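Visitor: Below are the chains, spelled out letter by letter.
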Amino acid sequence: MINLLRGLIYFVVLVLIQVLILNNIHFLRVATPFLYLYFIIKMPVGTSRDVVVLSSFLIGLVIDMFSNTPGMHAAACTLAGFIREPLIRFFMGKDLPEGIYPSYKTFGYGGFFRYVFTFVIIHHVTLFLIESLTLFDPLFLAIRIGASVVTTTLLICTIEAFNIETQKSGD
Amino acid sequence: MRKLLDFLVRKRHWFLFVLLEIVSLMLIYRNNAYQRNIIFSSANVLTGHISSVSGYVTSYLDLHEINKELLERNGQLEMKLLELQDRLDMMMADTLTFTGFAPDSTEQFPYSFVLAEVVNNSVSHLSNYITVNKGRKDGIAPDMGVVSERGVVGIVSTVADKFSVIIPLLNPKSRLSCKVLGSSYFGSLSWNGRNTHYANLEELPRHVEFQKGDTIVTSGYSSVFPAGLIVGTVSDFEKQHDDNFFSLEVELATDFQSLNNVRIIKNYNQAEQRRVEQEARRND
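Residue numbers (the numbering used here), protein chains in the order written: chain R, 2 to 172; chain E, 2 to 285.
Keep in mind that the hints are not guaranteed to be accurate.
Residues from chain E that keep clear of chain R, each with C-beta distances beyond 12 Å, as calculated [unchecked claim]:
1) 3
2) 18
3) 22
4) 31
5) 64
6) 65
7) 84
8) 127
9) 130
10) 134
11) 150
12) 183
13) 185
14) 195
Okay, derived cross-link-like pairs now, EDC-like style, lysine to aspartate or glutamate, Cα gap no bigger than 20 Å in a straight line [claimed, not checked]:
15) 213/E / 203/E
16) 106/R / 96/R
17) 174/E / 204/E
18) 267/E / 87/E
19) 69/E / 256/E
20) 174/E / 51/R
21) 12/E / 86/R
22) 12/E / 138/R
23) 174/E / 150/E
24) 69/E / 87/E
25) 174/E / 86/R
In short, the hints are calculated from the structure, not lab data.
These numbers come from a predicted model, not from an experiment.
Even glycine gets a Cβ: it sits at the ideal position worked out from N, Cα and C.
Work out the full structure: start from the sequences and follow the hints.
Guide: Have a look at this one:
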């Protein structure tokens, strides 16, 4: 129940930040941060995989509705949500207690960063590949992916460092 | 059988994953086929209203610049008015030409416009869209032209009751028939997906004479825009591969990044022109 409420708050806040502010940022015309991935990243470890996939799809769909890109974010998010569990296992091993939230404290600084970075790369590569199907320009595509991955990862890692929830749970 | 069921239940996230991916891909496919699905675009009621609130707030931030543009435009129009008045006076004085100057009563200017406010605008994607706060209730229909104070913006694609979505020049799907001011040969303007300030005018015959800095205007052949609306200026040009056509780089007059108020142009004769053209094509 608490998890549901917490997820809902994360969902609404991140979607609003994304569509009202971040969608308008195009640093040097190539980099746009997609902070809303933080919602999928912060879901508790051990959430059943169909719930993760379904909520990833939903947040992607909502972002799509606001940015006029039907299906693109939804497709990329579904894939990212699907590989989240194997990714955590790969980086952190199987002996994580269930129900903890991914953070610097639980994953360690290096672990959390690697997890976020890989997750963001997979999502962005899918997203930008789908987007550029209509107009192919490999070099420009690579620049866009690289720049956006860096900005998104930096933003997520910064937000995580200031997240009130994580700091409270540490007391 | 039981094992099979067990297996299916255990691997249900796989099925969910495949199903959702198929749904997303269908959405993408439908979107690329044609822009008619209103539910999943920013023209639907909920997203439209949230966007219009944020558009309302951000519109204040650009007021200074818009004000300056309006003053400038106002000045230009005033000059034009003076010029026309001057010419009219001349003709009034010369009674011989004035009698012949009576306007033809069957000829009417078929265009009018509706003012609209931009509530959602993207410039960074490969396919960009603009949402405005006027829709079917205000008489907007698909395929109407849209201009800003500075120049052409794009063409209306999807219309809901109170909102409509515009395909701006900054979208690979948009093609606009344009010509160099003063000549009557036309080419088609499209966007290359990189810079929001530039678009390319292609298929312009090689013998057209122009220079850098010349004005590019709409040709008026498409029934969407009247002829002579400013699109941009020539910034660079090169010959195309087959050497019979020029490819021009056009610096767009409209600044898409700070777009707030636009005018949607209605053409009363558009339906009729379409019908006649279609009929001609059928008879061909």
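Visitor: Against this structure, judge whether each hint is valid.
Guide: The hints, checked one at a time:
1. Listed as a non-interface residue, residue 3/E keeps its Cβ farther than 12 Å from every Cβ of chain R; the least gap is roughly 21 Å.
2. Look at residue 18/E: its CB is around 5 Å from the nearest CB on chain R, not clear of 12 Å, so calling it non-interface is violated.
3. Its closest Cβ contact with chain R, about 5 Å, brings residue 22/E to no more than 12 Å, contrary to its assignment away from the interface.
4. Some Cβ of chain R comes within 12 Å of the Cβ of residue 31/E; the nearest lies about 7 Å off, and the non-interface call is violated.
5. Separation of residue 64/E from chain R is adequate, the least Cβ-Cβ distance of about 18 Å exceeding the 12 Å criterion.
6. With a cut of 12 Å on Cβ distances, residue 65/E stays outside the contact zone with chain R, its closest approach being about 19 Å.
7. Every beta carbon of chain R lies more than 12 Å from that of residue 84/E, the smallest distance being close to 40 Å; the non-interface claim holds.
8. Not every Cβ of chain R is farther than 12 Å from the Cβ of residue 127/E; the closest lies at roughly 5 Å, contradicting the non-interface assignment.
9. With a closest Cβ-Cβ approach of about 4 Å to chain R, residue 130/E is found to fall inside the 12 Å limit, against its non-interface label.
10. Look at residue 134/E: its CB is around 15 Å from the nearest CB on chain R, clear of 12 Å, so calling it non-interface holds up.
11. Listed as outside the interface, residue 150/E is consistent with that label: its C-beta sits roughly 21 Å from the nearest C-beta of chain R, beyond the 12 Å cut-off.
12. With a cut of 12 Å on Cβ distances, residue 183/E stays outside the contact zone with chain R, its closest approach being about 33 Å.
13. The Cβ of residue 185/E sits about 31 Å from the closest Cβ of chain R, beyond the 12 Å cut-off, so the non-interface label holds.
14. At the 12 Å boundary, the C-beta of residue 195/E falls inside the reach of chain R, the nearest C-beta of that chain being 7 Å off.
15. The hinted pair formed by residue 213/E and residue 203/E meets the criterion: a straight-line CA distance of about 15 Å does not exceed 20 Å.
16. Restraint check for residue 106/R and residue 96/R: satisfied, since their Cα atoms lie roughly 16 Å apart, inside the 20 Å limit.
17. With a C-alpha separation of about 17 Å, the suggested pairing of residue 174/E with residue 204/E holds against the 20 Å cut-off.
18. Between residue 267/E and residue 87/E the alpha-carbon distance is near 30 Å, which puts this suggested pair outside the 20 Å criterion.
19. Only pairs whose Cα atoms come within 20 Å are accepted, and residue 69/E paired with residue 256/E is accepted, the gap being roughly 14 Å.
20. Taking the CA atoms of residue 174/E and residue 51/R, the gap is near 37 Å; set against the 20 Å cutoff, the hint is violated.
21. With a C-alpha separation of about 14 Å, the suggested pairing of residue 12/E with residue 86/R holds against the 20 Å cut-off.
22. Between the alpha carbons of residue 12/E and residue 138/R the distance comes to roughly 38 Å, so the proposed pair goes past 20 Å and is violated.
23. Distance hint between residue 174/E and residue 150/E is unfulfilled; the C-alpha atoms sit about 23 Å from each other, more than 20 Å.
24. Proposed proximity of residue 69/E and residue 87/E is contradicted: the alpha carbons are some 27 Å apart, above 20 Å.
25. At roughly 39 Å between alpha-carbon atoms, residue 174/E and residue 86/R are farther apart than 20 Å, so this suggested pair is violated.
Hints 2, 3, 4, 8, 9, 14, 18, 20, 22, 23, 24, 25 from the earlier list are contradicted by this structure; the remaining hints agree with it.
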